[in-house]
Amino acid sequence: MQIPNLFLKSAKKCGYDVKLMQTSGISHLYIESNKILSLQGNPGLIIKTKRLSQGVAIKILVKKNVKIKKPVFLCFGILNPKGKQIILPEIILEKNSELKILAHCTFPQATKVIHKMKAKIELKKASKLFYTETHYHGENFGAEVVPNFKILLRQNTYLENKFILKQGSIGKLKINLEAILEKNSFAEIDSQIIGKGREDDVSIFDKLLLEGENSHSLIKLKGAAINGGKILFKGETRASKLAKNSRGHIDCQEIIIGKNSFAQSIPIISVENPEARITHEASIGKVNQKQLETLMARGLSEKQAISFIVRGVVK
Amino acid sequence: MKILEVKNLSVEARADKKTILKNISFEIEEKSIFVLIGPNGSGKSTLAYTLIGIPRFKITSGKIFFLGKEISKLPIYKRARMGLALGFQEPAYFKGISVENFLKACSKNSQQKEIEKALDLVGLEPKKFLKRKMDQQLSSGERKRIELASVIVMKPKLMILDEPDSGLDIIIYKELYDILDNIRQATNASILLITHREEIGFLADQAGFLNKGELVYKGKFDDVMIRYCQSVGRRKRCRKLKVKKT
Ligand SMILES: Nc1ncnc2c1ncn2[C@@H]1O[C@H](COP(=O)(O)OP(=O)(O)OP(=O)(O)O)[C@@H](O)[C@H]1O
Ligand SMILES: [Mg+2]
Chain A
1 MQIPNLFLKS
11 AKKCGYDVKL
21 MQTSGISHLY
31 IESNKILSLQ
41 GNPGLIIKTK
51 RLSQGVAIKI
61 LVKKNVKIKK
71 PVFLCFGILN
81 PKGKQIILPE
91 IILEKNSELK
101 ILAHCTFPQA
111 TKVIHKMKAK
121 IELKKASKLF
131 YTETHYHGEN
141 FGAEVVPNFK
151 ILLRQNTYLE
161 NKFILKQGSI
171 GKLKINLEAI
181 LEKNSFAEID
191 SQIIGKGRED
201 DVSIFDKLLL
211 EGENSHSLIK
221 LKGAAINGGK
231 ILFKGETRAS
241 KLAKNSRGHI
251 DCQEIIIGKN
261 SFAQSIPIIS
271 VENPEARITH
281 EASIGKVNQK
291 QLETLMARGL
301 SEKQAISFIV
311 RGVVK
Chain B
316 MKILEVKNLS
326 VEARADKKTI
336 LKNISFEIEE
346 KSIFVLIGPN
356 GSGKSTLAYT
366 LIGIPRFKIT
376 SGKIFFLGKE
386 ISKLPIYKRA
396 RMGLALGFQE
406 PAYFKGISVE
416 NFLKACSKNS
426 QQKEIEKALD
436 LVGLEPKKFL
446 KRKMDQQLSS
456 GERKRIELAS
466 VIVMKPKLMI
476 LDEPDSGLDI
486 IIYKELYDIL
496 DNIRQATNAS
506 ILLITHREEI
516 GFLADQAGFL
526 NKGELVYKGK
536 FDDVMIRYCQ
546 SVGRRKRCRK
556 LKVKKT
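In order, the protein sequence lines correspond to chains A and B.
Just so we're aligned, residue 1 is where the first sequence starts under my numbering, counting upward by one.
Just so we're aligned, residue 316 is where the second sequence starts under my numbering, counting upward by one.
These are calculated hints, taken from the structure and not from any lab test.
Some clues are possibly wrong.
Computed, partial: chain A to chain B, Cβ under 10 Å [stated by the list, open to error]:
(1) F130
(2) T132
(3) I256
(4) L292
(5) A297
(6) L300
(7) G312
(8) V313
(9) V314
Every residue, glycine too, gets a C-beta built ideally from N, C-alpha and C.
Just chain B, with the same shape it has in the complex (with noise of 0.2 Å):
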């Protein structure tokens, strides 16, 4: 089955009207991994936005269905609710609130173990994070994780992570790979992954190339990444990955 669709989407800010999507397909099947790569500025946090029901951008045309349904009219919450989850690129801090009760109100029947399970599983010792404040105390990449693991007590069944391994470093970014692996198995969920890094190839089922707000390409990772690399001008990797290829 597929977990979701997107057919035509075109999306506009509100703001100033400006048209940052256009005409936009493409489907995510069942407990995959889609990857989507583009440079800055060419829509993906949009992408991910729109998806999720962020009411500062648009649809001026087109649809999208998940779980065979059209969510396009629905607010945040209620596709939250359905089972869709974002992990922001730029995750919000919180004075004031605990990891802990963070976690908490994101898992609506989450028990103490699986919010203690999620920190493991992103690698946080929640003995010494269940206490510690959402403030700017903690390090970005500690948030990023902290995000990855609000995204997990939701149980989703699709999470858009936007980005979960920007800022952080190389051994922490492979490790984050290993997770996002376990994650699949472990829930069964599938996801749509925003980066910027092509080592993420091993994990992806089908990937996507935006490029100045179209989904110029879509396939296999490595046709994508060889598209990407031409039109973002990286020629000797792109000729890399072509004799890789044959």
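The shape of chain A in the complex, shown without the other chains (with noise of 0.2 Å):
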């Protein structure tokens, strides 16, 4: 298995175990660019690529009854400084399936990178995915990158999806997600964002449709404006007429630092059905000023104070 060192570097800096992503037999899939650099599937787990001129189509399949137990490691880079690319991942868990899907997006040198990605993904009855999708952009504010997600969560299903980007700098973010929940159906949507610069600007709608009795959701995005970065953030949940005891909450945290730093949630509810109940609550504030004094009072510089005060808000 050859994976760029670049990949492996971003990836373990992301919290990853690199040396599990090396372990031979996992399951794994490696994209530079619209290169595959590597594929694996496994038994019961079905991976397919079909190179585009700019990007690559990708279709993950998990058959009825499997359940894949290690990680599955989903790596799309760009190793240039300038680049574009684009991803269309379908994942379709069958039957009483599960699988963990790690991906990582990686664009180490960005000056001038371009990442879309257009991922549908369906979660046939009874199935369960674990989702989470860490980013690095490098370190020059130099990458746009545009995730789409349209999720289809069938009955009895269950969903953790995160998306998390808090190394480097982020340049443009716009992040759209939308999932339908059918009944006693489970969706949990986690977006830990840290902005740190004046050319970081991030906007994040997450859109979740209760439309099945007894479906249960939950929005969550920790965030932190630095120095001049912004973060937008809108996180609906509506509950239809067929919720009928559906749940739904949306919480947003998000600590502000610095001039010109800006950060705004916007939580929109609605509700069709009575013996439905959806809420929301959010909060943007600066940096609690006895933590940072019980930091420096440890020996912590101001800035080394806030950088450990906003890893554990944004977590």
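Dock the two chains into a complex; use the hints.
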């Protein structure tokens, strides 16, 4: 298995177990620009790719009743400072199957990189998906990244979806996620973002539609807008007429530090079934002074103390 | 050698320019314990904050020397790096941060072993507490012990402990005094201990009584205690102390 060193370095930065990534037999797919570097499926897990002029279309399928215990690693990157990449994944979990995906997108040298992803995900009855996507966009604020998710959760399904961008610069990031939840399904959509500079410009729009009885959802954003960073967050949850006893919650917590930083949180909730309940809470504020003083009284400089506190909040 | 020298220190709150401390002078010797007592609102915490350099308070006159160097103008973290440490009266909580990571942040080079040792020393089982979060689920007594551990792992030369015994029950604060004694033996640090409890007396090398922002008396602990009782009107207690003395 040939994994570019820069992929490994950046995955490690984002907390992935690089040893496990390199274990032989572990399912994975590594793509640089539009080149497939390495691909490994497994019994019950089919991974297919189709090369496009500027990217790759991918199909991942877990067969009925198959529960894949070890994580599948997906890594999409552009190693040049400039480039464009379009990734079109389609992920299908058949009935009663289970999958854990650790995805990593990396543009470590980016000065002018565009990365677009359009993912379609379907969880068939009683399947379970744990999906984590970490990003590293280098240190030059030179990336423009547009991930798009359309997710369908059939009856009795379970989804944990995490998006994490805490290392390095961001550049432009625009996430759009829409999920439909059928009866008895559960979805948690979790974003953790730290914008550190004037050129960091983030917008996240998570939209969940509760369309079945007893469906449950949670949207979480933990963020920090530092030194001019901007984070705009819109979290929407709707319970339809059919969504009897459904529950939804939106939770947004952000820290804002420094001049010209900007954080905005817009919750949208709507309910059409009298037995459904949707709630939201949001807070945006400066770093807690007492925490700051405590850490400085332990010898941390102000900068070190702030970064420690931010890492605690954005978790 | 003197660890700390405070000379004619007057302090006001930056917010309302109200004078809180007036013309305070005292010294703390190497490897000694100085106990500071005084009623609520007398300015004990303000003195602690001023010594560590919290910018809410402004020195209007006087100077602070630590290890012979004037530190009155240094920022908090520089004083801390010189070996001055403060355990806060009401410690802050940190959502999402584990006890282990907090203690690691507090101790620049401490090994895992030392972090566990510090927890042991304050009576918290490392196995149980390392992974706990520093949030409100900790009881206030547990949080206070972690505060103490976080000061220990700094290996300071002077620990200022602001009422580490408040909010602890009777058995526990007795245990705490043994802990403080152990700390002194183990680390050779001096301690400036702010407290309301006279039970601490056996530990004190020196003491001071702060009243309405003035250090009205300093000397032997028992003498200070008598002044304290006289002043706050605890006559009975005062008589008892006097009897014990003669
Ligand atoms: N930031 C501030 N601005 C204005 N006044 C303050 C400020 N902090 C404290 N004070 C006032 O200064 C006085 C001394 O407060 P301080 O907290 O030092 O007392 P203390 O001796 O530690 O009391 P306690 O035993 O209750 O802890 C009080 O009258 C208090 O209200
Ligand atoms: Mg106090």
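Hints and how they fare:
Violation of the interface hint for F130 of chain A is found here, the shortest Cβ-Cβ separation to chain B being roughly 21 Å, above the 10 Å cut-off. Taking 10 Å as the C-beta contact cut-off toward chain B, the hint placing T132 of chain A at the interface is violated, the least distance being around 18 Å. Interface hint status for I256 of chain A: violated, as the beta-carbon distance to the closest one in chain B is roughly 17 Å, over 10 Å. The interface hint given for L292 of chain A is met, as the beta carbon of that residue sits about 9 Å from the closest beta carbon of chain B, less than 10 Å.
For A297 of chain A, the shortest C-beta to C-beta distance to chain B is roughly 5 Å, which falls under 10 Å, so the interface hint holds. A cut of 10 Å between beta carbons decides the hint on L300 of chain A: the least distance to chain B is about 6 Å, and the hint holds. A hinted interface residue such as G312 of chain A counts as satisfied when its beta carbon comes closer than 10 Å to some beta carbon of chain B; here the least separation is about 4 Å, so the hint holds. Among the interface hints, the one on V313 of chain A holds; its C-beta lies about 6 Å from the nearest C-beta in chain B, closer than the 10 Å criterion.
Taken as an interface hint, V314 of chain A checks out: its beta carbon lies about 8 Å from the nearest beta carbon of chain B, inside 10 Å.
Figure legend: structure checked against the earlier numbered hints; hints not met, in rising order: 1, 2, 3.
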